[in-house]
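Visitor: Sequence:
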Amino acid sequence: MLYQPRLVPPRLAELWGLSPQWTEAIARRESCNCAWCGAKLRARRIAAVLLATYPVGDPSKLASSVAAWVRRPECQPLRLAEINQIEGLHDVLRALPGLAYSEYQEGVEPGAEVDRVRCENLTRLTYPDESFDLVLTSETLEHVPDLDAALREIHRILVPGGRHIFTVPVLPDVPLTFARAELMPDGTIVPRVPLIHHPGGDHGYPVFTEFGADWPDLLRNAGFETTVTLGSSTEEDLTPVFNCRKAESDSIGSAGPRLPHPREDASRSR
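In this note's numbering, the protein residues as written are 15 to 284.
By construction, these hints were calculated from the structure, which means they are not laboratory data. Where a beta carbon is used, it is the ideal one built from N, C-alpha and C, also for glycine. One should not assume that every hint holds.
What the hints assert, rightly or not - Distance windows between CB atoms, simulated: (1) H104 <-> Y219: 13 to 23 Å; (2) T241 <-> L76: 32 to 42 Å; (3) P34 <-> H104: 30 to 40 Å; (4) M198 <-> D143: 41 to 51 Å; (5) M198 <-> L76: 47 to 57 Å; (6) P199 <-> N235: 21 to 31 Å.
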C-alpha cells in the first residue's frame with residue numbers, strides 16, 4: 015500500500031481538541047491511498063464491507079476487489095444510490111448499470127441536473143419509495159442540517175432489507191451524539207457550540223452534527239439494524255464503517271434528541 019499522508023489542518027485539530035495521537039488517526043483515515051486506485055482508507059474500508067456484505071461467485075472464487083465485484087453478473091441488477099462522490103470508489107462503481115449518482119449543489123432544485131450530474135438533497139430526496147437496494151455515503155451526514163430527515167429519506171428509498179453503508183467521523187471520547195449548529199429558516203447558521211468546518215476548521219463545509227459512542231443506538235432507533243464493521247473508534251483507528259439494514263417491518267422512528275456537547279471546555283485535549 016502506498017502511504018500518502020494528509021495533514022489535519024492545525025485549526026481543525028485545535029477546534030476539535032485533538033491529541034497528537036488522534037490527529038494522526040484522523041490523518042490516516044484520509045490517507046493510506048491505494049497505489050492502484052488512489053482510494054483513501056475510509057473508501058477502502060467501505061469497499062471491504064461491500065465485498066463482505068454482498069459476496070458473489072463460487073465460495074472458492076469470491077471477488078477480491080470492487081473492480082472485480084462490479085463485473086460479476088450477480089451485481090448487475092443491484093440498484094445503488096451513491097450520494098456525493100466517494101473518491102476512489104466512484105469511478106469503479108460507474109460500471110454498475112443500476113448506479114444512481116448524485117451530488118448536493120446549493121441553490122439547485124433536487125432532481126435537476128447540472129453538467130449531467132443529478133442534484134439531490136438528503137433531507138428531501140426525489141427518488142421513489144423503495145427504489146434502491148443499497149445507499150452509499152461517506153463523510154456526508156455530519157454536514158446535513160436535519161439529520162432525522164436525512165435518515166428518514168434514506169430509509170424511505172431503501173427496499174425492505176436494503177442497506178445504507180457509510181462513514182462519518184466519530185471521536186472515541188464523545189459519549190453522546192450532539193448538534194453543533196442549527197440552520198434557521200432564513201438560511202443563517204446558529205452555532206450551539208463553537209462552529210467547525212471540514213476540512214479546514216474555519217473554512218469548508220459546516221458541521222451540524224458530531225457523532226458519539228451512542229450513534230449505533232440512534233441508528234437502531236431510526237429503524238435500521240446496525241452493525242459497526244472493522245472495529246469501534248480508538249485512538250489508533252478512527253475509521254469505522256456503519257452497515258445499516260432497513261428492517262423488514264419497515265418501522266421508523268427518530269434518532270432522538272442531540273444536545274450540545276456536555277463539555278463546555280472545547281480546548282480540552284482529546
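Visitor: Please go over all the hints and tell whether each is borne out by the structure.
Guide: Now for the hints, and whether the structure bears them out:
One distance hint, 13 to 23 Å for the beta-carbon pair H104 and Y219, holds here, with the actual separation near 18 Å. Separation of T241 from L76 is about 20 Å and departs from the stated range, judged on CB atoms against 32 to 42 Å. A hinted range of 30 to 40 Å holds for the C-beta pair P34 and H104, which are about 32 Å apart. Checked against the given bound of 41 to 51 Å, the beta carbons of M198 and D143, roughly 30 Å apart, lie outside it.
Distance hint check for M198 and L76: the Cβ-Cβ separation is about 50 Å, which falls inside the suggested range of 47 to 57 Å. For P199 paired with N235, a C-beta distance near 26 Å keeps the hint of 21 to 31 Å intact.
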